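Residue numbers (this note's numbering), protein chains in the order written: chain W, 1 to 309; chain L, 1001 to 1239.
Since the hints were made in silico from the structure, they are not lab data.
These numbers were taken from a predicted model, which means no experiment stands behind them.
The C-beta atom is built at its ideal place from N, Cα and C for all residues, glycine as well.
One thing to keep in mind: the hints can contain errors.
Partial chain L-side listing against chain W, Cβ under 7 Å, derived [claimed, not checked]:
{"id": "1", "residue": "Lys-1067"}
{"id": "2", "residue": "Leu-1068"}
{"id": "3", "residue": "His-1071"}
{"id": "4", "residue": "Arg-1086"}
{"id": "5", "residue": "Leu-1088"}
{"id": "6", "residue": "Ala-1090"}
{"id": "7", "residue": "Val-1102"}
{"id": "8", "residue": "Phe-1103"}
Sample of chain L residues with no beta-carbon within 12 Å of chain W, all distances over it, derived [claimed, not checked]:
{"id": "9", "residue": "Ser-1066"}
{"id": "10", "residue": "Leu-1078"}
{"id": "11", "residue": "Trp-1109"}
{"id": "12", "residue": "Glu-1146"}
{"id": "13", "residue": "Asp-1204"}
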Amino acid sequence: MSGTDKRNFALAAMALAMAALLPLFDTGYWLALGVSLAMYGVLATSWAMFSGPTHYISLATAAFFGTGMYIVGGGVEILPFPVLVVIAAVAGAALAVLVGLTTMRISGVYFVIFTLGLAELIRQVVTWVQTTMGSSSGLYVLTEITESMIYWQLLLLLAVVYLVGWRINRSRLGLALRVIGNDETVAAHVGINTAKAKVILFVISGTVASVTGALLAPRWTYVEPTIAFSPMISFQVVIMALLGGVHRLWGPLCGVIPFMLLWDLISAQFPNQTTLLLGVAFLLIVYLIPNGVVGLIESRLKRRSSGNG
Amino acid sequence: MLEVRDVTKSFSGLVAVDGLSFDLAAGQIMGLIGPNGSGKTTVMNLLSGELKANTGQIHLGNREISKLPAHAIARQGLARTFQIVRILPAMTVLENVAVGGVFGHARYWGPGLETRALEMLARVGIRHLSQTPATALTYIDQKRMELARALISDPEVLLLDEWLAGLNPTELTDGISLIGELRTEGRTIIIVEHVMDAIRSLCDHCVVMNSGRKIAEGAPAVVLSDRAVISAYLGDDDA
């Protein structure tokens, strides 16, 4: 491990420790915002681990997120919560393998549409199952888990995601993904099993999203397909990750924080125009800062250092 | 080393390669020539796994590779350059070369990888450009980089698809002598080329294609004066 790595580790650990203190000061508005930040931080970072290097835009986040949430919703009265989280992880991974193996051969817009359709398909199936077999369209999730605990669990998950991402970036797998993102034909011809590399990352990303859904289930005492499988989750994750920048592990988090703060303000002021404003935000980001906040900062720094030297 | 048997490839009715067979012995440099559209690049793509043959077999050493995907063929020891040079634009020259030595036939990682990649860059004469972004290279240097990326995997068979195309006369001389050095190293190479001087000076053996078929085979001097070959390139007397 190099000196820079040690420094970054120390900084990350300090930031995490400080973030973990939040529930001691406020358990109302700020904690609620903190949970949202942590949730989207995890989702956007794990999304970017797959979509950043490969340039495959996945809109399947809600499919995995909802699956995890429904596993907790359906099993919370039968099994202990930690067991359900593990089941959610396994189910998310299995779903990602299935989807990955069928979709990695399609690329571009077809992949985007397929992943969007997947979330919708699962939502419809869940709704159908609930209305035909059960009596209501939702599930009650009544637990002893407080919002502070959810927050800490999410922070822990975020730390795990960062460690995994850091490890991958330094591995052959990380290099393989960069080559795939540069030129998939070259990747195959230097001996990279491109389908396998993409599926592995898609599985990691899907597993994390499913676990996130599972951890958040207790936050809403009543879980419905429209909440759990909301396409808004998938879109917001993409926007935040792109806003932050997907070519660095810590990029998406730099998008999550300003976006959530702004989003909170917008949805309070203009509750009826949120979707419209989301679309506008997406256009502005893609046109004005294609490499995200991180890309913007890096090019400024580079310009300054080259200007001086 | 490489054995091609009755390979046919058609694209929705158009037969691009029609029952092609040839053998390539270890240490041999073979020229694959023919007029435009005769199917040479399709043959290269069939060998490297970019395309799959409809019928026929290709063996590399003792293993059949005609059913394998491109990445598995690369691991068996076949490396190539592309007709239109393919660089990894977001990477440095050193990284571009290094990726050839991580996943393929030879596998390096860590400090050994960098040393080996620098050796390859020195081998093709652009070691001083190792930290340059790949996009900043001139055309010939990009071609050199691509060659280094193929060589780092220590391939059993190397495919050069019009590697000399688009070079000016000085660069051409340099390019020919570079391939000549590979020949003295004992590499096994297939060259697709339109530059006949290169074919004459480099190749031991030539396969001439026209409309997907092999029309002649043998030593370059003999093949290039063959009547069928001349008429394929220049047309028949009465045409």
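Least C-beta distance from L:Trp-1109 to chain W larger than 12 Å: violated, 7 Å
Reported absence of L:Ser-1066 from the contact zone with chain W (all CB gaps over 12 Å): L:Ser-1066 is indeed farther than 12 Å from all Cβ atoms of chain W, at 16 Å.
Cβ separation check - L:Asp-1204 to all of chain W, threshold 12 Å: Given a closest Cβ separation of 25 Å, the condition holds.
Checking a non-interface call: every C-beta of chain W should be farther than 12 Å from the C-beta of L:Glu-1146. Is that right? violated, 9 Å
Should the hint that L:Arg-1086 touches chain W count as held when the rule is a Cβ pair under 7 Å? Holds, because the Cβ-Cβ distance from L:Arg-1086 to chain W comes to roughly 5 Å (cut-off 7 Å).
12 Å cut-off, C-beta based - L:Leu-1078 kept clear of every residue in chain W: violated, 9 Å
For the hint on L:Val-1102, just tell me whether its beta-carbon gets within less than 7 Å of chain W. This hint holds: L:Val-1102 lies near chain W, its Cβ roughly 6 Å from the closest one there, short of 7 Å.
Holds or violated: L:Ala-1090 as interface residue toward chain W, Cβ cutoff 7 Å? OK, holds: L:Ala-1090 within 7 Å of chain W, min 6 Å.
With 7 Å as the cut and Cβ atoms as the points, is L:Leu-1068 at the interface with chain W? violated, 11 Å
Is the interface hint satisfied for L:Phe-1103? The criterion is a beta-carbon contact with chain W at less than 7 Å. holds, 4 Å
Close enough to count: is the Cβ of L:Lys-1067 nearer than 7 Å to one in chain W? violated, 15 Å
Hint validation: L:Leu-1088 versus chain W, beta carbon distance must be below 7 Å. Holds or violated? Since chain W brings a Cβ to about 4 Å from L:Leu-1088, closer than 7 Å, the hint holds.
Checked against the numbered hints above, the structure violates hints 1, 2, 10, 11 and 12; every other hint is satisfied.
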